[in-house]
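Visitor: Please build the complete structure, drawing on both the sequences and the hints.
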Amino acid sequence: MENQSKEFILQLEKSERLRQSIRAVSLEMESATLLMQSSLLLVHQSRPVPEVLEKAKVQIDVLKGLFHRLAEILQECRGQYYRYHGDWRSETQMVVSKLAFMHWLETGNLLMHKEAEEKLGLDSSEFFLDIEDYLIGICFMSNELPRYVVNRVIAEDYDFTIKVVKFLRDLYVAFRMLNLRNDFLRKKFDGIKYDLTKVEEVYYNVKIRGLITSGDSSQDLGMQT
Amino acid sequence: MMADIGTYSSPSSMENQSKDFNLQLEKSERLRQSIRTILLEVESATLLMQSSLLLVHQSRPVPEVLEKAKVQIDVLKGLFHRLAEILQECPGQYYRYHGDWKSETQMVVSKLAFMHWLETGNLLMHKEAEEKLGLDSSEFFLDTEDYLIGICFMSNELPRYVVNRVIAEDYDCPMKVVKFLRDLHVAFRMLNLRNDFLRKKFDGMKYDLTRVEEVYYNVKIRGLITSGDSSGEGMQ
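Protein chains in written order, with UniProt numbering: chain A, 1 to 225; chain B, 1 to 236.
Simulated from the structure, these hints should not be mistaken for laboratory data.
Any given hint could turn out to be false.
Straight-line distance between alpha carbons at most 30 Å, and here's what the computed BS3-like set of lysine-lysine pairs gives [as the list claims (entries may be wrong)]:
| # | chain 1 | residue 1 | chain 2 | residue 2 |
| --- | --- | --- | --- | --- |
| 1 | B | 179 | A | 6 |
| 2 | B | 220 | B | 179 |
| 3 | B | 19 | A | 166 |
| 4 | B | 200 | A | 6 |
| 5 | B | 19 | A | 64 |
| 6 | B | 102 | A | 14 |
| 7 | A | 14 | B | 206 |
| 8 | B | 102 | B | 27 |
| 9 | A | 14 | B | 200 |
| 10 | A | 57 | A | 14 |
| 11 | B | 206 | A | 6 |
| 12 | A | 57 | A | 198 |
| 13 | B | 27 | A | 114 |
| 14 | B | 127 | B | 179 |
| 15 | A | 14 | B | 19 |
| 16 | A | 55 | A | 163 |
| 17 | A | 187 | A | 198 |
| 18 | A | 198 | B | 77 |
| 19 | A | 193 | B | 27 |
| 20 | B | 102 | A | 187 |
| 21 | A | 187 | B | 27 |
| 22 | A | 114 | B | 19 |
| 23 | B | 127 | A | 6 |
| 24 | A | 163 | B | 19 |
| 25 | A | 166 | A | 198 |
| 26 | B | 77 | A | 6 |
| 27 | B | 19 | A | 187 |
| 28 | A | 166 | A | 187 |
| 29 | A | 114 | A | 163 |
| 30 | B | 102 | A | 6 |
| 31 | B | 19 | A | 193 |
| 32 | B | 176 | A | 6 |
Label pairs and their computed distance ranges (CB to CB) [unchecked claim]:
| # | chain 1 | residue 1 | chain 2 | residue 2 | range |
| --- | --- | --- | --- | --- | --- |
| 33 | A | 156 | B | 199 | 37 to 43 Å |
| 34 | A | 82 | B | 85 | 18 to 24 Å |
| 35 | B | 90 | A | 114 | 15 to 21 Å |
| 36 | A | 205 | B | 197 | 49 to 55 Å |
| 37 | B | 164 | A | 10 | 34 to 40 Å |
| 38 | B | 58 | A | 7 | 34 to 40 Å |
| 39 | A | 10 | B | 226 | 39 to 45 Å |
| 40 | B | 122 | A | 177 | 27 to 33 Å |
Virtual Cβ for every residue (Gly too), placed ideally from N, Cα, C.
Guide: Here is the structure:
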């Protein structure tokens, strides 16, 4: 019995060492993400977007390096991505949400799953970006938009609201196509609907006060289907 | 100011991504359904095994009880084989779905270990458990913690068993059980268990040992131990 225990000890200790290493990397990820977050907060105060993005982007390389370290750690135990996945799951979701927000600020587009993987250097078959982590990250990004829209309106950028409404509507439609089983993800998805409603209300408020000047407003977004 | 919205990627690219995701999500869901179906059968087989085994508490002869219970082992072997086949569709994802069969597996291990102990007086080893269930590939294996938790569940059975053996006037049984549980407890204590579910189950084993020692104590002080072994046993 004791020989068996000795073998088990080796396995359990190896497992514990792995978790410690992973945890260390996760903590660094949290730091990098917080730095990225604090840079990004300045867009709410009308700091010019390119300037804000430049600062925040520094952290992307940091994160790329950290994910690479995670991938290396996991190489010691093939096929066990999901055994330890919980240890980096929420950090990853947060990273995705920040990256997606930055991508959207820069291009107006949704950061795709594959693009997110590329930005983070996650494209091996062993260490990848879990789809649900990606989707949850996108939901978190959506949660940022109502506040951002309000602050853009405060800064008198009224045409901006149309863009956000259009983007969130498309995002919502694309998400609604998903056959979601994960309850947490379903709840986060319902959150997108709520974000969309809030953004539509801002748009409504701006429109009825005749503040929309751009010609786009005429080919109006129309009624919500 | 945001980039020119003229470069806005069409909604269809978002939708295409969703379509891709759906394929993956649906595949994952089908897998989970298949796994769940098998697990229901695992539960049934385990319950049948359990109801056979209950008869040892009523002094039914052990070989007879074991023979009935063993029928289910082959059933379980087949079911785990089906699980392994399902998982072959998605290599490297054992732990993604592991939570779905974790508790059933622990229960199976506990029953097998109890049967093995009834038959041999020995601890069913991890490798032996894997062999009995046909789990010996590198892709689909018996998770170490599932095995250990299963052994803890088996230990939980022993106090009641010992009491019923004493009721049936088998006074030599308590000593055997005490010795077994003491060795098991020592072997487990060597493991550096973190403070989690397995650790709590291990703490429960100490409690089982204490209860069994109390039965042994009661039997001994009433002078009921007849076998010669009782002199060499000593204090914990």
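Visitor: Each hint: holds or not?
Guide: Comparing the hints with the structure gives:
1. B/179 / A/6: 20 Å, holds
2. B/220 / B/179: 15 Å, holds
3. B/19 / A/166: Holds, at roughly 20 Å.
4. B/200 / A/6: 20 Å, holds
5. B/19 / A/64: Cα-Cα ~28 Å, so holds.
6. B/102 / A/14: Since the Cα atoms of residue 102 of chain B and residue 14 of chain A sit roughly 21 Å apart, the hinted pair holds (cutoff 30 Å).
7. A/14 / B/206: 26 Å, holds
8. B/102 / B/27: Between residue 102 of chain B and residue 27 of chain B the Cα gap is close to 21 Å, so the pair holds against 30 Å.
9. A/14 / B/200: Holds, at about 21 Å.
10. A/57 / A/14: Measuring from Cα to Cα gives roughly 35 Å; hence the hint is violated.
11. B/206 / A/6: 20 Å, holds
12. A/57 / A/198: Holds, at roughly 29 Å.
13. B/27 / A/114: The given pair, whose Cα atoms are some 19 Å apart, holds under the 30 Å limit.
14. B/127 / B/179: Within the cut-off at roughly 23 Å; holds.
15. A/14 / B/19: 40 Å, violated
16. A/55 / A/163: It holds: about 24 Å lies between the C-alpha atoms, which stays within 30 Å.
17. A/187 / A/198: 17 Å, holds
18. A/198 / B/77: 55 Å, violated
19. A/193 / B/27: The given pair, whose Cα atoms are some 26 Å apart, holds under the 30 Å limit.
20. B/102 / A/187: 26 Å, holds
21. A/187 / B/27: 21 Å, holds
22. A/114 / B/19: Holds - the C-alpha atoms of residue 19 of chain B and residue 114 of chain A are around 14 Å apart, at most 30 Å.
23. B/127 / A/6: 14 Å, holds
24. A/163 / B/19: 24 Å, holds
25. A/166 / A/198: 13 Å, holds
26. B/77 / A/6: This hinted pair holds, its Cα atoms lying about 28 Å apart.
27. B/19 / A/187: 20 Å, holds
28. A/166 / A/187: This hinted pair holds, its Cα atoms lying about 22 Å apart.
29. A/114 / A/163: Roughly 24 Å separates the two Cα atoms, so the pair holds.
30. B/102 / A/6: 23 Å, holds
31. B/19 / A/193: 20 Å, holds
32. B/176 / A/6: Answer holds: residue 176 of chain B to residue 6 of chain A is near 24 Å, not above 30 Å.
33. A/156 / B/199: 37 to 43 Å: 60 Å, violated
34. A/82 / B/85: 18 to 24 Å: With Cβ atoms ~19 Å apart, the hint holds.
35. B/90 / A/114: 15 to 21 Å: 20 Å, holds
36. A/205 / B/197: 49 to 55 Å: Given range 49 to 55 Å: holds, Cβ gap about 52 Å.
37. B/164 / A/10: 34 to 40 Å: Between residue 164 of chain B and residue 10 of chain A, where Cβ atoms are some 38 Å apart, the hint holds.
38. B/58 / A/7: 34 to 40 Å: For residue 58 of chain B and residue 7 of chain A the Cβ distance comes to about 38 Å; the hint holds.
39. A/10 / B/226: 39 to 45 Å: 44 Å, holds
40. B/122 / A/177: 27 to 33 Å: About 57 Å separates the Cβ atoms of residue 122 of chain B and residue 177 of chain A, which means 27 to 33 Å is violated.
Going down the numbered hints, you'll see the structure goes against 10, 15, 18, 33, 40, while the others check out.
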